[in-house]
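Novice: Sequence order for the protein chains is A and B.
The first sequence begins at 1489 in our numbering and counts up by one.
The second sequence begins at 2 in our numbering and counts up by one.
Since the hints were derived computationally from the structure, they do not count as laboratory data.
Keep in mind that the hints are not guaranteed to be accurate.
Calculated pairs, DSBU-like style, for lysine-lysine (alpha carbon to alpha carbon, straight line, at most 35 angstroms) [stated by the list, open to error]:
id	chain 1	residue 1	chain 2	residue 2
1	B	187	A	1653
2	B	539	A	1817
3	A	1653	B	204
4	B	338	B	475
5	B	204	A	1654
Please read all numbers here as calculations on a predicted model, not as lab measurements.
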Amino acid sequence: MILAATTNESLARMSDLLIYSSMAVYTLAFFAHIAEWVLGSRSKVGRTAAALTSQASAATSAVTVQVKQAAGGTAVLEKPKVVTRSAAGTRDVPDGPGAAGGTVKGDLYGRIAVSLTVLAFLVEASGVVTRALSVQRAPWGNMYEFSTTFSTVAVGAYLGFLVAKKNVRWLGLPLVTTVLLDLGMATTWLKTPSDQLVPALDSYWLWIHVSTAIFCGAVFYLGATATLLYLFRDSYENKLASGGNPGAFARSVMERLPSAASLDKFSYRVNAAVFPLWTFTIIAGAIWAGDAWGRYWGWDAKEVWSFITWVGYAAYLHARATAGWKGRKAAYIALIAFACFLFNYYGVNIFVNSKHSYAGV
Amino acid sequence: MSTTDTSGTTDTSGTTEQQESLGEAGAQLSTAPIDDRAETTVVGGPTLGVIGWIRWFWRQLTSMRVALILLFMLSLGAVPGSLVPQTSVDELKAQAFKDAHKTLTPLYEKLQFFDVYSSVWFSAIYILLFVSLIGCIVPRSWQFVGQLRSRPPGAPKRLDRLPAYTTWRTGAEPEQVRAAALTLLKGHRFRAHTAGNAIAAEKGYLREAGNLAFHVALIVMLVAFAWGQLFKSEGGKLVVEGDGFSNTLTQYDDFKSGSQFGIDELEPFSFRLDAFDGTYEKSGPQRGTPRTFEAKVSYTQGGTDKKAVIRVNEPLKVGDSKVYLIAHGYAPVVTVKDGRGKVVFHGAVPLLPIDNNITSTGAIKVMDGYRDKKGDKDQLGFSALFVPTFAGEGKGTMFSQFPGLDYPVLALTGYRGSLGVDSGLPQNVYQLDTSKMTQFKIEKGTGFAERLLPGETMTLPDGAGSITFEKGVKEWASFQISQQPGNGLALAGAIAAIAGLTGSLFIQRRRVWVRAVRGEDGVTVVEMAGLGRSESAKLPEELGDLAVALTADAPPAPDAVPEDVRDDVPPGAERQAVPDADPEDVPEPAEEPAEDPAPSGEADK
Ligand code: HEM
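All chains should be modelled from the sequences, with the hints used to inform the complete structure.
Specialist: This is the structure:
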């Protein structure tokens, strides 16, 4: 029972130390990413331009995919090859080579950055776990704890995509930068000493509702980053396609990113995959509110903004389902929806008077 | 059934260009309505007439674009309610806001900003949205049923134009290959049939079913909420340790209910508060923060007695009712004796907390039975200030230092005279109306008030009696007892919504065609192609797996696959394939029109 669990001071101090250490390692990863971008080649650019200027031929050319070998295949002479082609009307632009720009040196720094990110992730995750152990409860009682868990999960999701061999290394620099910002805010403004929960938070629903909320936020964040980059990259491609000549810096950065179509697809998949979980999060929250406060839905500020975020993402999915609203317009909706999520976290916790103000600040 | 005119009437939610090139084969991969841009031409019609306008309005309302706009307005409309205090959420806060903003308040009141979620305009948005939703679901469901009853469309002429394509030559007979393909696809749970020289197959109908289920579930949830609002009841009751409550209207401190609620629907049960335990952080910067609140109760339902613990997150469920723990405080026990030494009042007096450390105030009223030394009837009143943890003598403060009962002190001020209870005006039990009373002067304390420790007695002057602060301060807990039907329905709707949504977003609806024809050189050419609603990396993968599986029955012939599959279909295959794939040659032509008029008919309504 909670009564017996007093805060374990040494564990709490260890947790703080681990969080600070992870910040140090993230900072190193940040510099390694910078090195990756700076040292990566700037010469191997122009693939997009090439693809776009020879648009007519690009549209019909197709990628061949070797079908995987049937298990224990005998003396079959030739496997059928599957030819894929993108839908008519979409640009067939190849993905950029990534931050390293295909150079060995850049790639080396990129790998160092990812290794450091893995290390920082492990350190930060242990920080979160020791924090949880120090109070013997879920480490989600105040904004300091939300923020540290949030960035841990975001980095974890990113590393998960890397492990699954998805093309996401371009996320590295923006992610590490925002993680540092998030942790900086957590350790300065939102710092709250390790402590027990107020009775209203003491429920198994905390595990269900808050964990899914944090997970949704972290993955929505990855989607929003991809959406933002999509908008930049799409303008870049549009400029090239209409014969414009982007500046050297824009060219150098944009050429290395995946194509607008790939970024768009990534953000859609991520947002669509998380939406049902976000729906679940809100419903779980309603059930919890029913137990804690005697009403399922009371239009409390936190509830309102969760609802607004939900409707925002629903609008985004709707927009994508209608032909006329694909692309940039849908991307703006996705960004608005994510902004609502952020407001719900920082804005409502800190500025708005809500039953959910557990900021601890 | 030419390719050009189908594009206007069938689903264009996929890429329009793609639909045009595929014609019938790409049609109806979903039941999403036609893109709105196609409909705007109606606006230009100069003589619409009343029916025309109604029809136009209805079509606009049920279009995806308007649904999108309404969704936007719904989220936008919800914003002011989170920034302006709502009467329904916290009446006091709303009143405080009104007092503080004299110029804004009239405007806000006109805009119903203090009751956003029951305001006319907010209701209008969501009612329109739900009408739109129903107007969308009904035709889509019909269309979906139509699609389930018809068969997947036949293969397009040029399979190599599809997003995923593969071909090889085999020694097997075309009929053999088709039979094998049919078995294979059915084995993979495709709906498959032979259409001409090809097998047409489709899978992933659950996507559509899930999407429809999700939208229906939204309606179910709304209905459940509305139902709950009409039939709910909710009341509050403060109970001191040792006291009880039985669920009848007269026992409530306050009670409100929906318009359709009948009083006889109150769940018959009663409970007694055996003990209330609160624990608080003892040290550190968060000293005083509550840790646990537990109300131990014994309750009776249908003749059986049970015990339970009610916590903040764990209401007691009795039948349809739930008993929630809402607040708590202290109730010092006092004994009042009159001028003749007779006990005229003995009991626990619940006091209301005024801060987080439970400094509490309240009143003790002795209405009947009191007589002074001379035997004259009168009434006594005491205003009480209670601190569970006193700062200490000489600290100059009567505010509690800690919410737990560490150093309880009760400060009392006594009055005699008329309590004003018979005046007919409703009286607050926690406040004393001293307008018709005179204050006792005492020797101790400040001359009026006296601080008592448990067990101490304050003696009133002139033999007017005494009041004793008994040992053993009791605690009270207040409960909210609510009954709200429709929760089960809302929960069922919520679960269905999540399940439907998951199906809708994770299941890909796709078609696969397998064509097997004899080439000019007498060798069979097999072509396979796949089409999904959106481009998906899974589709070529699945097609590849199916192709490999099919090669078991149609092994590739040696040296037959052309080096460069990109360029074109093998020449023999193409010449053979084109005439065969013409929809006119597809057997069972009766099946085909059955698919088409249904959606176009709906769209015209
Ligand atoms: C009450 C508000 C509504 C919400 C929250 C909502 C939510 C959603 C969501 C999240 C999806 C995405 C699922 C997917 O992409 O497959 C979706 C799809 C869809 N919605 Fe709604 N919707 C609402 C109202 C409506 C209305 C009023 C209409 C009709 C005018 C409509 C028509 C559709 C259609 C046709 C699709 C599927 C498109 C497809 O096949 O991909 N929805 N809706």
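Novice: Now tell me, hint by hint, if it's right for this structure.
Specialist: Checked hints:
no.: 1; hint: B:187 - A:1653; in the structure: holds (32 angstroms)
no.: 2; hint: B:539 - A:1817; in the structure: holds (26 angstroms)
no.: 3; hint: A:1653 - B:204; in the structure: holds (28 angstroms)
no.: 4; hint: B:338 - B:475; in the structure: holds (20 angstroms)
no.: 5; hint: B:204 - A:1654; in the structure: holds (27 angstroms)
No hint from the list above goes unmet by this structure.
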